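Below are the chains, spelled out letter by letter.
2 protein chains.
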Amino acid sequence: MPDLMSAETPTCVPEIEFWFDFGSNYSYLSVMRIEALAQARSVRVRWRPFLLGPVFRDLGFDNSPFVLQQEKGAYVWKDMERQCRKYGIALTRPSTFPRAALLAMRVALLGAEEQWMPAYCRRIMQLNFADDRDIGSMDVVSEALEALHLPGQQIIADAQSDANKLRLREQTAAAAAKGIFGAPTFFVGDEMFWGNDRLDDALDFCDSIATRG
Amino acid sequence: MPDLMSAETPTCVPEIEFWFDFGSNYSYLSVMRIEALAQARSVRVRWRPFLLGPVFRDLGFDNSPFVLQQEKGAYVWKDMERQCRKYGIALTRPSTFPRAALLAMRVALLGAEEQWMPAYCRRIMQLNFADDRDIGSMDVVSEALEALHLPGQQIIADAQSDANKLRLREQTAAAAAKGIFGAPTFFVGDEMFWGNDRLDDALDFCDSIATRG
Numbered sequence: 001m002p003d004l005m006s007a008e009t010p011t012c013v014p015e016i017e018f019w020f021d022f023g024s025n026y027s028y029l030s031v032m033r034i035e036a037l038a039q040a041r042s043v044r045v046r047w048r049p050f051l052l053g054p055v056f057r058d059l060g061f062d063n064s065p066f067v068l069q070q071e072k073g074a075y076v077w078k079d080m081e082r083q084c085r086k087y088g089i090a091l092t093r094p095s096t097f098p099r100a101a102l103l104a105m106r107v108a109l110l111g112a113e114e115q116w117m118p119a120y121c122r123r124i125m126q127l128n129f130a131d132d133r134d135i136g137s138m139d140v141v142s143e144a145l146e147a148l149h150l151p152g153q154q155i156i157a158d159a160q161s162d163a164n165k166l167r168l169r170e171q172t173a174a175a176a177a178k179g180i181f182g183a184p185t186f187f188v189g190d191e192m193f194w195g196n197d198r199l200d201d202a203l204d205f206c207d208s209i210a211t212r213g
Numbered sequence: 001m002p003d004l005m006s007a008e009t010p011t012c013v014p015e016i017e018f019w020f021d022f023g024s025n026y027s028y029l030s031v032m033r034i035e036a037l038a039q040a041r042s043v044r045v046r047w048r049p050f051l052l053g054p055v056f057r058d059l060g061f062d063n064s065p066f067v068l069q070q071e072k073g074a075y076v077w078k079d080m081e082r083q084c085r086k087y088g089i090a091l092t093r094p095s096t097f098p099r100a101a102l103l104a105m106r107v108a109l110l111g112a113e114e115q116w117m118p119a120y121c122r123r124i125m126q127l128n129f130a131d132d133r134d135i136g137s138m139d140v141v142s143e144a145l146e147a148l149h150l151p152g153q154q155i156i157a158d159a160q161s162d163a164n165k166l167r168l169r170e171q172t173a174a175a176a177a178k179g180i181f182g183a184p185t186f187f188v189g190d191e192m193f194w195g196n197d198r199l200d201d202a203l204d205f206c207d208s209i210a211t212r213g
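Taken in sequence, the protein lines are chains A and B. Those letters in the first sequence? Residues 1 to 213, by the numbering used here. Those letters in the second sequence? Residues 1 to 213, by the numbering used here.
Do not take every clue at face value.
To be verified - Across the chosen pairs, the derived CB separations fall in these ranges: (1) B:Gly88 <-> A:Pro151: 52 to 58 Å; (2) B:Leu68 <-> A:Trp77: 23 to 29 Å; (3) B:Arg169 <-> A:Lys78: 44 to 50 Å; (4) A:Val13 <-> B:Arg85: 22 to 28 Å; (5) B:Asp190 <-> A:Ser95: 23 to 29 Å; (6) B:Pro54 <-> A:Pro65: 18 to 24 Å; (7) B:Pro65 <-> A:Arg46: 24 to 30 Å; (8) B:Lys78 <-> A:Phe61: 20 to 26 Å; (9) A:Glu143 <-> B:Ala176: 40 to 46 Å; (10) B:Ser95 <-> A:Arg46: 33 to 39 Å; (11) A:Pro65 <-> B:Gly88: 29 to 35 Å; (12) B:Ala36 <-> A:Arg85: 24 to 30 Å.
Said to hold, decoys possible - Simulated pairs of lysine-lysine, DSS-like, Cα-Cα distance not exceeding 30 Å: (13) B:Lys178 <-> B:Lys165; (14) A:Lys165 <-> A:Lys178; (15) B:Lys178 <-> A:Lys86; (16) A:Lys178 <-> B:Lys86; (17) A:Lys78 <-> B:Lys178; (18) A:Lys72 <-> A:Lys178; (19) A:Lys86 <-> B:Lys86; (20) A:Lys72 <-> B:Lys178; (21) A:Lys72 <-> B:Lys86; (22) A:Lys72 <-> A:Lys86; (23) A:Lys178 <-> B:Lys165; (24) A:Lys78 <-> B:Lys86; (25) A:Lys178 <-> B:Lys72; (26) A:Lys78 <-> B:Lys72; (27) B:Lys165 <-> A:Lys72; (28) B:Lys72 <-> A:Lys72; (29) A:Lys78 <-> B:Lys78; (30) B:Lys86 <-> B:Lys72; (31) A:Lys72 <-> B:Lys78; (32) B:Lys72 <-> B:Lys178; (33) A:Lys86 <-> B:Lys72; (34) A:Lys165 <-> B:Lys72; (35) B:Lys78 <-> A:Lys86.
To be clear, the hints were calculated from the coordinates, so they are not data collected in a lab. Just so we're clear, the structure is a prediction, and the values are computed from it rather than from any experiment. Each residue gets a CB set at the ideal place from its N, CA and C atoms; glycine is no exception.
For reference, chain A alone in the conformation it holds in the complex (with noise of 0.2 Å):
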């Protein structure tokens, strides 16, 4: 017999937006925090990467606000130590910040709804922040994905392709459309939640939502 209230009730699975870059160290801390946070609430993540550089020369800025501004950057590496002792999370000052890391954006972008999207953003964001690796480098890359099983020569491939360099583009001009002007950013319908410090209130929201809905 067909049940038909399951059948009318539209399932309704809260959703998060991440968007983040590679580059950015506090997205690090939301990439390794965010799919169990979301897992334990039944959030789902909706991996959005976007290139922060753009977006912040659209603002004036030529570069990281912690690199322009030198007491500022001075504390986020403390704050960063004391963040990872807290979550747990291994760190190693990269050797280059921000570091570029075009090539891996364009694989995130081509995975981010593939099954192996949050283990291989996990595994990049380890490479840049625990272990020093150049992960604008195509080996780094490679290696990311083969350590996942992965066909790396031909995702890298379809990741290099031009319709997937224009959506990783496009996927930046929607981020300063959207007002994001940092990373990580979180949306939850239209609300915006800015900074690892946010993911908390951000799946809360989606909690509140979801009781509302």
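Given the structure of chain A, go ahead and fit chain B onto it with the hints provided.
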């Protein structure tokens, strides 16, 4: 019989330095929260009013980043609404932001070690961020002091002495020398914590020191 043990053990009350400006919206959250949180952990609060404007100017900004950066500014008031709701703190977006509050700050410096300091700071902050009153005016500062049954006229006269004016300039220079680039900022010993979001971490750090000590 004298208790030799306790006579030899120095009383070690952990302290947190709280650097703030009445014009700063995230300082508002910390002013409203810090006393209860610190008391619950037997931590002593050392109030350190300083002028954020000159610190920003030294760093090359001629106004708050929340004014200079339109996108961040728009976000910040949304964030403030949510944060205030979370903490149960009233909020009316001030019609002037950031509000200069030189006299109120001078009074705060004068009263930093006084018993009335926490209540005075909360009162001024509420006038600014909940009642949208001009805390830059002498009338409003006077009203705040008198609401606390303090001799407003005398305190204001003392606050405007050359010596106290100089002390506020010195305290502001000290803030910059400590690497402060925003408010609120907390220090526990040499350990710096920036932002209301780090108040709990800073207090946890007090506990860890007290345990070690």
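key: 30 Å limit on alpha-carbon distance, applied to hinted pair Lys78 of chain B and Lys86 of chain A   = Status holds; Cα separation ~27 Å.
query = Straight-line Cα separation of Lys78 of chain A and Lys78 of chain B no greater than 30 Å?
reply = Holds, because 28 Å separates the two Cα atoms, which is no more than 30 Å.
request  = Take the C-beta atom of Val13 of chain A and the C-beta atom of Arg85 of chain B, compute their distance, and say whether it sits inside 22 to 28 Å.
outcome  = holds (25 Å)
Distance restraint between Lys178 of chain A and Lys72 of chain B, which requires alpha-carbon spacing of 30 Å or less = holds (12 Å)
query = Is 29 to 35 Å a correct range for the gap between the Cβ atoms of Pro65 of chain A and Gly88 of chain B?
reply = holds (32 Å)
request  = Go ahead and decide if the range 24 to 30 Å is satisfied by the Cβ distance of Ala36 of chain B to Arg85 of chain A.
outcome  = holds (26 Å)
message = Tell me if the beta carbons of Leu68 of chain B and Trp77 of chain A are separated by a distance inside 23 to 29 Å.
response = About 24 Å separates the Cβ atoms of Leu68 of chain B and Trp77 of chain A, which means 23 to 29 Å holds.
inquiry  = Can you tell me whether the CB distance of Arg169 of chain B to Lys78 of chain A sits inside 44 to 50 Å?
reply    = violated (27 Å)
query = Holds or violated: are the alpha carbons of Lys78 of chain A and Lys72 of chain B at most 30 Å from each other?
reply = Roughly 24 Å between the alpha carbons, so the hint for Lys78 of chain A and Lys72 of chain B holds.
request  = Compare the distance between the alpha carbons of Lys78 of chain A and Lys178 of chain B with 30 Å, and conclude whether the hinted pair is satisfied.
outcome  = holds (14 Å)
Satisfaction of hint between Lys72 of chain A and Lys165 of chain B, Cα-Cα up to 30 Å = holds (28 Å)
ask   = When you check the alpha-carbon spacing of Lys86 of chain B and Lys72 of chain B, does it fall within 30 Å?
value = Status holds; Cα separation ~20 Å.
In this structure, the earlier hints numbered 3 and 23 are contradicted, and the remaining ones agree with it.
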